[in-house]
Amino acid sequence: MTRFVICYSKLRRRSTALALGAFLAFAPTSSFADSLRQALAAAYENSNLLEQNRALLRATDEDVAVALSVLRPQISAVGRVTQADQASNFPGGSLTSSVELQMQLLIYDGGATKLAVEAAKETVLATRAQLLAQEQSVLLTAVNAYLGVLREQRTVNLRESNLRLITQELRAARDRFEVGEVTRTDVAQAEARLAEARGQLAQAVGNLAIAREQYRAAVGRSSGTLNGGLSFPKLPASLDAATARAVRMQPSIDQAQHQVKASELNAARAQKATSPQLSLSGSVGHNERTDNNSSVALQLSVPLYQGGQLRALERRALAQVHASRANLNQTVLIARQNVADSWSQLAVARAQLEANERQIRAAQVAFEGVREEAKLGARTTLDVLDAEQSLLNARTNGVVFETQVFSAAYQLLFAMGDLTVTGLGLPVAQYDPAEYFNAVKSAPIKRSKQGAKLDRILKRYEN
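If you read the sequence shown in this note's numbering, its first letter stands for residue 163, the second for the next number, and so on.
What the hints contain is simulated information worked out from the structure, not anything from laboratory work. Predicted model only: the values in this text are computed from it and were never measured. A couple of the hints might just be wrong.
Derived PhoX-like pairs (lysine-lysine); straight-line CA-CA distance at most 25 Å [stated by the list, open to error]: (1) LYS621 x LYS608; (2) LYS603 x LYS621; (3) LYS603 x LYS434; (4) LYS621 x LYS611.
What follows is a list of derived Cβ distance ranges for each label pair [to be verified]: (5) VAL562 x LEU211: 25 to 31 Å; (6) ARG520 x GLU340: 49 to 55 Å; (7) LEU257 x LYS611: 40 to 46 Å; (8) LEU440 x LEU257: 38 to 44 Å; (9) ALA399 x LYS608: 53 to 59 Å; (10) ARG533 x GLY342: 18 to 24 Å; (11) VAL232 x ARG478: 20 to 26 Å; (12) ALA371 x GLN492: 38 to 44 Å; (13) GLN471 x LEU442: 32 to 38 Å; (14) LEU462 x LEU257: 36 to 42 Å; (15) ALA528 x ALA379: 38 to 44 Å; (16) THR329 x GLU534: 17 to 23 Å; (17) ASP402 x GLU534: 49 to 55 Å.
Note that beta-carbon positions come from the ideal geometry of N, C-alpha and C, so glycine has one too.
Using the sequences plus the hints, can you model the full thing?
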């Protein structure tokens with residue numbers, strides 16, 4: 163049986179904001195399997211969503227290599243076999259073959275390709291931020307799944323305790339009926355309440371089974387009986403501090419900032435589309451008729467008129483810049499709102515829990531008093547059952563409010579951008595998003611030292 167213990171520190175007020183310095187711990191009464199810290203570590207290690215987004219990031223890393231390759235020589239070998247038919251008065255024909263090695267190198271394009279490389283790098287950084295945001299979502303889902311199992315475990319315990327208590331009340335009502343102290347109606351009321359308690363217990367057991375499946379999906383393994391030992395997370399002392407933290411750390415804002423930079427670089431690249439392009443080409447070949455041959459050419463091309471396409475592409479790129487800037491502004495507004503909402507939800511959850519504790523104490527006193535009065539004949543069996551139900555409802559609400567406080571605290575961490583493996587200090591081997599990028603950013607060829615290193619990394623991801 164798991165018991166929730168809530169301890170609070172004094173509240174401090176700065177301006178009109180309520181500073182929360184609470185400590186929340188779930189104290190087990192015996193040895194259990196998973197703590198929340200272990201569950202979060204397992205969720206990080208087992209998440210298919212994180213694996214998916216890591217692969218997408220590696221695909222985005224390759225865009226840098228693709229953009230960079232345009233600045234390097236493009237070399238290809240061409241072989242050709244030709245059958246040439248002769249005119250009808252010259253029967254037969256000729257079969258010729260040739261082989262040629264071709265090379266082309268871009269020398270100057272106004273800097274458009276270099277801008278494309280830089281834009282690809284900014285897109286990589288934006289995708290890294292998206293991966294971090296996904297990490298936060300995975301961990302928050304695991305937190306809520308863990309708390310859900312704890313909540314349902316204790317609800318089952320309360321329902322079982324309630325069932326035993328009503329069974330005792332029914333037995334007492336029957337004994338009192340035998341001696342004529344109560345009527346058959348009192349016994350029937352106790353029997354009805356017992357049937358209701360059994361139905362509520364069945365529902366609680368079903369809810370626990372559902373919560374365990376949600377835990378399995380979020381964490382990647384079954385829950386068993388959980389150990390909730392974890393201190394309340396450290397939070398900022400004021401709403402302003404929490405908001406400032408979110409503006410600095412929220413991955414969605416970081417992603418939007420890099421998207422703005424990428425769109426600006428792409429707009430500058432579109433403007434370079436009208437610049438002259440200078441390229442060098444050469445070939446070396448062998449033909450069985452003309453023997454060896456070679457050529458070198460320097461080509462300059464200047465776009466004069468493309469049917470309005472280049473200007474349209476430029477205007478489209480500028481519109482995307484405006485859209486990305488508006489998205490950044492909106493993302494900041496949403497981040498601020500999420501922090502404020504989470505801050506308020508935490509304050510409300512704490513207030514509800516404090517009020518509920520007073521309600522439980524009062525309901526406990528009332529139940530004990532009504533039960534003693536019933537023994538003296540001053541109260542009916544229904545009065546005792548109603549008092550017991552009020553106490554049960556208060557305790558059940560306490561379970562909900564306890565988990566809501568913890569959930570709201572982690573929701574605030576999520577809103578600030580601190581619900582990460584690094585921020586929580588989880589004992590896991592963290593995925594390094596820079597490792598693959600550093601291996602591919604120079605677009606290495608397969609038969610090279612860097613290419614061999616890249617192959618080793620790829621094999622690790624395939625396993």
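Status of the hints after comparison with the structure:
1. With a C-alpha separation of about 14 Å, the suggested pair LYS621 and LYS608 falls inside the 25 Å cut-off, and the hint holds.
2. Only pairs whose Cα atoms come within 25 Å are accepted, and LYS603 paired with LYS621 is accepted, the gap being roughly 18 Å.
3. For the suggested pair LYS603 and LYS434, the alpha carbons sit about 23 Å apart, so the restraint of at most 25 Å is met.
4. With a C-alpha separation of about 16 Å, the suggested pair LYS621 and LYS611 falls inside the 25 Å cut-off, and the hint holds.
5. Between VAL562 and LEU211 the Cβ separation comes to about 28 Å, which falls inside the hinted range of 25 to 31 Å.
6. For ARG520 and GLU340, the Cβ-Cβ distance of about 40 Å falls outside the hinted range of 49 to 55 Å, so the restraint is violated.
7. Under the hint 40 to 46 Å, the C-beta atoms of LEU257 and LYS611, about 45 Å apart, fit the expected range.
8. Our hint of 38 to 44 Å for LEU440 and LEU257 holds, since their Cβ atoms are close to 39 Å apart.
9. Distance hint check: the CB atoms of ALA399 and LYS608 are about 55 Å apart, consistent with the given range 53 to 59 Å.
10. In this structure, ARG533 and GLY342 meet the distance hint of 18 to 24 Å, their C-beta atoms being roughly 20 Å apart.
11. The hint said 20 to 26 Å for the Cβ distance between VAL232 and ARG478, and at roughly 21 Å that hint holds.
12. Range check, ALA371 to GLN492: Cβ separation about 41 Å, and the 38 to 44 Å hint holds.
13. Checked against the hint of 32 to 38 Å, the C-beta distance between GLN471 and LEU442 comes to roughly 26 Å, which is inconsistent with it.
14. Between LEU462 and LEU257 the beta carbons are some 38 Å apart, a value that agrees with the proposed interval 36 to 42 Å.
15. Between ALA528 and ALA379 the C-beta distance comes to about 42 Å, which sits within the given range of 38 to 44 Å.
16. Remark: the range hint 17 to 23 Å for THR329 to GLU534 is upheld by a beta-carbon distance near 20 Å.
17. Distance hint check for ASP402 and GLU534: the Cβ-Cβ separation is about 53 Å, which falls inside the suggested range of 49 to 55 Å.
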